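Undergrad: Letter by letter, the chains look like this.
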Amino acid sequence: MIAHVAAAGEGRGRVVLWLGCSTPSSASAIEAAMLLARAFQSEVESLFVEDRQLFDLTEFPFARTISGEEGWRALPREDLEREFRFIGAALQRQVADAARRADIPCRSRVVRDDPLRAVASACAENGPWNVVAIAEPFRAGDEKRLGQIFADVLDTTGVVVAGPLARRTQGPVVAAIEQFEQLDPMLRAAERLASVTGGDVKVMLIGDRRNDLATMEGQARLLFADGKTPAIEMVLAARSDVVPIAEAVRRHKGGFLLAQYGGQVVSEETSLRPLAAALECPLLLVR
Amino acid sequence: MFFKRAKQDKKKTSESPPEPPPAEEANGSAENVETIAPPELSPAAVDPESLGFTTTADLEPGTGPVGQDRALEALAFGAGIKGPGYNILVAGRAGTGSEAAARAKLKEVAAAKKRPADWVYLSYFDDDGGFRALELPPGSAKKIAEAMAQAIDRLADALPVAFAADDYELKRRAIEEEFRFSREDALEALRREAEAQNIALLRTPAGIAVAPILEGKVVKSDVFNSVPESLRREVQTKISALEAEIEQILAERPSAEKARRERLLALNEQIAGRQVRAALDEIKTKFADVPGMERYLKAAGRDLVRNAGLFLTLSGHDSVKVPVGTIGDARFARYRVHVLATTEADTGAPVVEEANPTYANLFGRIEFGPAGEERSAQVVRIKPGALHRANGGFLIIDARGLLAAPAVIDALARALQAQEIRFDPPTDPVGAHSGGIPDLEPIALHVKLVVLADSDAHRELAKSYPHFMRHFKAEAVFDTAVDRSSEIIAAYARRIAGIVAENDLKPVDAKGVALLIDEAGRKGGGNGRLSTEIGHIADLCREADHWAKSAGRTTTSAADVERALEERKGRAGAHGDRQ
Chain Y
0 MIAHVAAAGE GRGRVVLWLG CSTPSSASAI EAAMLLARAF QSEVESLFVE DRQLFDLTEF
60 PFARTISGEE GWRALPREDL EREFRFIGAA LQRQVADAAR RADIPCRSRV VRDDPLRAVA
120 SACAENGPWN VVAIAEPFRA GDEKRLGQIF ADVLDTTGVV VAGPLARRTQ GPVVAAIEQF
180 EQLDPMLRAA ERLASVTGGD VKVMLIGDRR NDLATMEGQA RLLFADGKTP AIEMVLAARS
240 DVVPIAEAVR RHKGGFLLAQ YGGQVVSEET SLRPLAAALE CPLLLVR
Chain R
0 MFFKRAKQDK KKTSESPPEP PPAEEANGSA ENVETIAPPE LSPAAVDPES LGFTTTADLE
60 PGTGPVGQDR ALEALAFGAG IKGPGYNILV AGRAGTGSEA AARAKLKEVA AAKKRPADWV
120 YLSYFDDDGG FRALELPPGS AKKIAEAMAQ AIDRLADALP VAFAADDYEL KRRAIEEEFR
180 FSREDALEAL RREAEAQNIA LLRTPAGIAV APILEGKVVK SDVFNSVPES LRREVQTKIS
240 ALEAEIEQIL AERPSAEKAR RERLLALNEQ IAGRQVRAAL DEIKTKFADV PGMERYLKAA
300 GRDLVRNAGL FLTLSGHDSV KVPVGTIGDA RFARYRVHVL ATTEADTGAP VVEEANPTYA
360 NLFGRIEFGP AGEERSAQVV RIKPGALHRA NGGFLIIDAR GLLAAPAVID ALARALQAQE
420 IRFDPPTDPV GAHSGGIPDL EPIALHVKLV VLADSDAHRE LAKSYPHFMR HFKAEAVFDT
480 AVDRSSEIIA AYARRIAGIV AENDLKPVDA KGVALLIDEA GRKGGGNGRL STEIGHIADL
540 CREADHWAKS AGRTTTSAAD VERALEERKG RAGAHGDRQ
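Protein sequence lines, in the order shown, are assigned to chains Y and R. Heads up: the first sequence begins at 0 in numbering that gives the first Met the number 0, then just goes up one per residue. Heads up: the second sequence begins at 0 in numbering that gives the first Met the number 0, then just goes up one per residue.
Just so you know, these hints were derived from the structure itself, not from any lab. Just so we're clear, the structure is a prediction, and the values are computed from it rather than from any experiment. Every residue, glycine too, gets a C-beta built ideally from N, C-alpha and C. Errors might be hidden in some of the hints.
To be verified - Straight-line alpha carbon distances no greater than 20 Å define the calculated SDA-like cross-link-like pairs of lysine to any residue that follow: (1) Lys216(R) with Lys252(Y); (2) Lys257(R) with Gly67(Y); (3) Lys252(Y) with Asp166(R); (4) Lys216(R) with Gly67(Y); (5) Lys143(Y) with Leu186(R); (6) Lys522(R) with Ala461(R); (7) Lys219(R) with Glu58(Y).
As the list claims (entries may be wrong) - Label-pair ranges, simulated between beta-carbon atoms: (8) Glu268(R) with Leu115(Y): 53 to 61 Å; (9) Asp328(R) with Glu77(Y): 45 to 53 Å; (10) Ala163(R) with Arg99(Y): 24 to 32 Å.
Only chain Y is shown next, with the shape it has when bound in the complex (with noise of 0.2 Å):
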C-alpha cells in the first residue's frame, strides 16, 4: 500500500505516467501524476508506449484505420511510425511542463512493446512501490484495462484514472471505504493526498446493508476517538449498483477520490459508465 511506502521510508517506486495515443490526454491524469508524486515525495516516469501490435498490422496488405474525420486510410509502417514519433514528443513536452511547474523530477521514456508488458517493466525497474497512472480518460470498456493492469502489473500498488469529465485535482480528498480493515491505510494515503490538495479528508462508508454501515461507522469513530474526526458519509448502495456511489461524489466535489479496486466502486465486473458520468476528479484505486 502506497501509504506504507511513506511511511517505511522503503524504495519509494515511481509514478508511472502512461501515455497512450489513441485519444487525448487527460489534463486532469497528468496534474494527477504529479500531485501524487509530491505527496509521496517519489517522482514520475512518463511512459510513452507504440504499441508493436499495430507494427504487426502494419505488415498486411490491407492494413487500414479510420477516424470520424477523415475516413479510411491506408496504415503504411512509415506514416504509423511518423504519427507515434510527433504524438510521443508532444506528449512528453506536455509532461515535462507539468512536472517543471509542480517542481517533480521526471523522466521521460518511448518504448514500442505491448503496452501492459511496457507498463510492468517499467513498474518492476525499481521495486514494488509504483503507482501506474493512466494519461487517457478511462472510457467504456475499460474496466477490463484496469483488470488487467492490477493482474499483469504485478509491482504497482495503484493505479490513477481519470474520467472525461475529469477537471478538478484541488479540494477534500474522499476516500471511498468498504470494509474496516482498509480504514486506516486509506485514511493515512488520503491525509498524504490532502496535503497537496489543499482540502480535508472525506469518509465514505459503502455497504449494501444498514447494519454493516452503522458497525463500520462505529468502529470508525472508535478509531478517531483520540484525534480529529474527519467527515464521515455513510452510502447504502446494493451490490452492482454503483449509482449512489457515483451521486455521493458528485455531491462531495472532491479533488481526489480513493477507492479500492475489486469492490464496489470499481471492479471488472461494474460498469465504470456511472462513475465516469460522476467523477470531476481523479481516482485512485489501490490494490
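Since chain Y is already given, all that's left is putting chain R on it; use the hints.
TA: Only chain R this time, still in chain Y's reference frame:
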C-alpha cells in the same frame, strides 16, 4: 435739410481725418451737441418735439416688426389652426423682421402646446433587419435607450461569467460525453463481437484499425500467409464486414447529432435565459405601462438568448470578456434603441429650424457598422432628421435651401400628403450601405411646416412646385413699407427703444429717434410710407451708439445718428468705387 448738412460734414471729414473728440465733449453736455447745427426739418420729417419723450429710456421697448399686423394675424392663425394643409408660408424681405416675428410667434404657440410623444426605432429581430417605430410617452425615449444599453452592458459582464461557471461547463461536457459514450458503447459491442471471431479493434494514432488475432495478439503476417487461402479470405471478409460497421458507427448519425445539438441549445438557452431575464426584467417593470414595450422586450430577450454566443468567445474553459460600452459595438447594434424624437420636460412642442434642408437633414440617415466575415453590415445608428425632431411642433425651413434641392421638395410634399415620415431616400443617403436600406416603419407626421421665403423664392415655389405649395394654406406676407401715421411713428420709436434694450445700447435722444424714423421714410420710398426693414434701423442704432461712445457721450444724439448715416454712405461709396 440734414442730408445737406451731412454732406458738409463729410466734406469736412474728407479734408481732415476724424480726430478724437476733445476732452470737454466727454460729458456729453448740450453745449457740445450744439457744435453741430440742428438739421432742417422737411415737411415729411418727424418733429422730435412731437415724439413726447427725451430719450428712448422713457419708452416701453417694443418688439417685433412695425406695422405688420395683418402678417402677424396670419401667422397666429396658421400657427394655431389644426388640420392638414395648414402649413405656413412666411413671405417677406430680409430685415422686415418676418423671420424673427415668425420664430417668436411659433415659440409662443409651441410653449402653450402639449409635449408631443417620443419616437424610437427598435429592431424587429428578423432576418430582414427591419425596424419598428414605437411611440412613447414624452421624455421616456432616452430613459429606455439608456436602460437597454445598460442591460446589454450587464449581459456583457454576466454572460461570459455564467458560461465559464463550473455548472455550465460540467453540464455541457456531460452532454458531449453522453453522445460520445453512445458511440463508444457501439464500438465496445462491436469489439466483443469481433473478438469472438478472432479479430481485434485496435486504437491507432489516427483512429481505429481492424486486425486478425490469435490468443489475443495480432497475428504475424507470415503466420497469416501460411494458412490456407480460403481461411485468409474468410478472415478478410469478416474484417471487411467489421470495417463497414465501424464506418457506420463513426459516421455522423443525424438523429443522435440532432439530439445532441438540441440538448446543447437547450442548455445554452437555460443559462443565457436566466441572465437575459434578470437584465431585462428591470426595464420591463420600469416601463410596464408603455404600450409595445413588453412585446419588444420579449422579442429582444429571445434574440439575446439565441445570440448569447455574441457575448463570449469560448475557448476551452476560457472566456473573453466583451469591453464595456457594448451597445456601441456593431455586433450588438441591433439591441440599440434609436431615439428619433424626444423632448425635455416643461418645453411644450418643439420648434426646430433646419438651415440646410437636405434629405438626410430632414428625413434622417442610417449609419452602418463594418461587415463581418459571416454577417452583413449592421445598422449601428438611425439618426433623426429635422422632421422627427420637430414632430408634434413646428419646423422652420428657408425656401432658398429647399429650392436648391427639388427632390427634397417632392419628398416633403409626399410626407405632408401622407402625414408620415417614410425613410425612402431619392438616392443612397450619405452613410447608407450599398447592401440595401433596411425597412423602417413610417412614423406618423404631425408637424407644421413653416417656410420662410422672400418674394422671389415665393414666386418660384408657387410657379414650379404647386403640389408642394397647396399644403400651405396659411400665408403671412410681411410688407416692406407701411403708411405713415402717428401710431406707426410711435410704434417705430418704441421699436427703436426695443433695439436699444436688446443690444444694450445707449439711449437715443428724441432727435436721434426722429432722424432714424426719417431714414425709414427715405427707405420707404419717400412717398409717405415707412420702410419696415427694422434690420436696417437696428444697424444704424448700433453704429450711432459706436460714434456716441467715441465722442464720450452717454446718450446717442442726432449727431451720432447723422454720423452713422454719413459713414455708412461713405462706406457704400467706397464699395461702389472698388466695384
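Undergrad: Provide an ascending list of the numbers of those earlier hints which the structure does not satisfy.
TA: 1, 4, 6 and 8
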